[in-house]
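A.B. asks: Each chain, written out:
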Amino acid sequence: MVEYFSEAIALLFTLKGIWFLVLGTGIGLVFGAIPGLGGTTAIALIIPFTYGMSAEQAVILVGGIMGSVAFGGSISAILLNTPGIAPNAATCFDGFPLAQQGKAGMAIGAAATSSSLGGLIGVFILIAVIPIAKQIVLLFGPPEFFALAVMGIGAIALSTGGKFLRGLIAGGVGMTLAFIGYDAVNGGVRFTGGVEYLWDGISLVPALTGLFAVAEMIKLSIEGGTVARVTGDVKITRVSDGVWATFKNFPVVLRGSAIGAFIGAIPGVGGTVASFLSYASVVQTAKDPESYGKGNIRGVIAPESANNAKDGGALIPTLAFGIPGSAEMAIFLGVLILHGLQPGPLMLIENSSVIFSLILALAVACVLASLVGLATARWLSLITLVDVHIVAPAVVSVALVGVYALHSSWEDVVLALVFGWLGYLMIRYDYPRITLVIAMVLGELAERSFHQSIIMGDGDWRIFFSRNISLFLLVITVLILIAPAVRLLIGQWRAQGETSS
Amino acid sequence: MIKRLMTALAVVGVALAGLASAAKAEFPEKDITFLIPFSPGGGMDSQSRAIAQVLSKYLPNNVNVIPKNVPGAGGKKGYGELARSAPDGYTICVINYPGAALPALLGEEASYDINTLTWLGRMSAEEYLMAASPKSEIKSLDDLKKASKPVKITSTGPGSTAHVGASMAMSVIGFKGEFLTGYKGSADYILGIVRGDGDIAVAPVQTFQKFVESGDVTPIMSFEKKSSFDGVPTAAEAGYAELDGMGVERYIAGPPGMPDEIRKALSDAIQKAIADPETQEWAKQTNRPFLGLDADESDQAVKKSLAVMVKFKDALK
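Here the protein sequences line up with chains A and H, keeping their order.
Residues in the first sequence are numbered consecutively from 61, following the numbering used here.
Residues in the second sequence are numbered consecutively from 1214, following the numbering used here.
Keep in mind that the hints were calculated from the coordinates and are not lab data.
Check before you lean on any hint, since a few could be wrong.
[What the hints assert, rightly or not] Dumping the calculated DSS-like pairs for lysine-lysine here, alpha-carbon to alpha-carbon at most 30 Å:
#1 A:Lys-194 - H:Lys-1397
#2 A:Lys-194 - H:Lys-1352
#3 H:Lys-1348 - A:Lys-194
#4 H:Lys-1439 - H:Lys-1348
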């Protein structure tokens, strides 16, 4: 394997190689930060420009984009409560409150550091796992997807922050929204009211953009002021605090990256689920779950490690079977096809230089992107101090343009506005948006996997328990759900024990 | 006086005729949009882009042919956009057949009518293969026929072309099957049988190739005219003539009512683009051969196929 890497290094560290890497990183940062655009769009747009390049050069460019998009997106998530790409939505939950507390610099610092660490760990896991990649991918089928989705949805119960009933209601609404569209399992169209646009269901990026960015801007416009509530003592130069916090919470980084790589490795699940599950895991195992959603730095570290690690993970099925582990990987395979390469189980052997160039570019790009982010974090954080009369229109217009640019669809823009209104109502009446989003994202996966599993098990629901991995995951879910209650009981016993003696 | 009037009218008439023919000869004057009703990165997308790039060479005035992805609703969004566009030759679209014909065959409402589109040519035809999971008890066509419980067939959903193929196979061969759908794409449902979620799946031979070679799936029956795999019978050899040659075809079409000269111009350009050495080289390297038909041949092929498929309407529901 070392020869493959030295070949890739030689290809990368040429003038052209470095130029493409830097270009790709820049494109990725910008496309990631502008809500609605994202890595898939960026790669799709540069495809025509790659015709004249060699396959390795095209791949370095693509790797540069892939490695930096997630971090670019975290910047808008933190500063403007707008996820740059869907996986950044989990970063909004704690990132934006931090910005509101004047700690934007810290949040960006943490996001940058966890993104690069996460990306590197993801690549590392990829390399370690390549020999057994096939077996791992084959272990996860619909019953396991269902168990994972349930585990994530279980986080809803814990992240409601004391508003249990409202959290459940929001979660219920989210689930219902997840069911809109064509049901591929039974072949019928549900809840679309005859509107062809809704055939594919609620499009995630416009919905999230509306729910977070637009809603927040509406609220700001009504209340006036700036994003950062605390204008007096705002310490913009706390970027290094964020970096240190990440290293202090290295276990969170490890766990987030592992979850990210792992979920990224399962085709059909996706980066959004990865970052949500990572966020859920850190909430579920925290001693102070109520502090999440209010500016807990771990709530930024966990999802950001995950959404970078997922790229390394997504390469696992891509290399094992030629089956893309994510949308970006699908386009990446398209780029390969365009250059005359044939993706498949033998890709690693037949096209090693291309594959390793990608892995290397991915790894270097996420570090490069983070360095750029750290350097510019100070100035970026100043956005939180800009008066709402400038920020709100700017954010809303950029966000909506980005949403439109996704599919050149004005319906997406309307959807974003509708969700913006919904999001504002939820802020106003104090319903947690987190639970709605979690339910919406995981609901579809849960339902589809459930149906598929039942068909696989010939109508017998015990299939979830007869397979080792899904059983294991479900047991963990139950444990996590009862953990707070158990902790409470243990605390009470201990207290009783002390008073009686 | 009348003579002068007649001369004036004649001059005007000639001028207008001259202008009209000049206008006609001008096609194409601006860039042409090539709609691709699926997400970027897949086989349909790559093949369409490969053609789009070369097509401008063979069109007068060297206009560009710009691919535009319009994914959604299993292709219906893109087909709808095509149907709504003006039939002036500036909007063409790649058609996934017989997937695009499903709404008409099933009697559903759709924003386009497959029977009225202007066929400009065919790019490729990939025949199907039926293969089984290594974890399944089904190892051959005989096992399939003898199966006591319903066989699980993986697919993306009732709207897909492969699903159509599988449904027809079920009806013709006469085995009991149950669909395991909901997978996001052909790669995913093939992975589904590799993993053992389902027993069999139907997909183009090219898509299955790498999995057969690596031993991840067991080929059972090929819908090809001549089987690419040793020991695997073709549908015709096994006695199922109706399934012979079944597969997915990629046509290029324009909106209904396109004028004949424009149709011919595009048809010729497409066939030349397919025959272009650059395209052929790409096809060889990626193992996606072109099997071109021109506009008239395509028109006939589609009408013939639709006539056959209408008979299987009930099996498709």
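A.B. asks: Indicate, hint by hint, whether the structure satisfies it.
C.D. replies: Each hint tested on the structure:
no. : hint                    : verdict
1   : A:Lys-194 - H:Lys-1397  : 19 Å, holds
2   : A:Lys-194 - H:Lys-1352  : 22 Å, holds
3   : H:Lys-1348 - A:Lys-194  : 15 Å, holds
4   : H:Lys-1439 - H:Lys-1348 : 27 Å, holds
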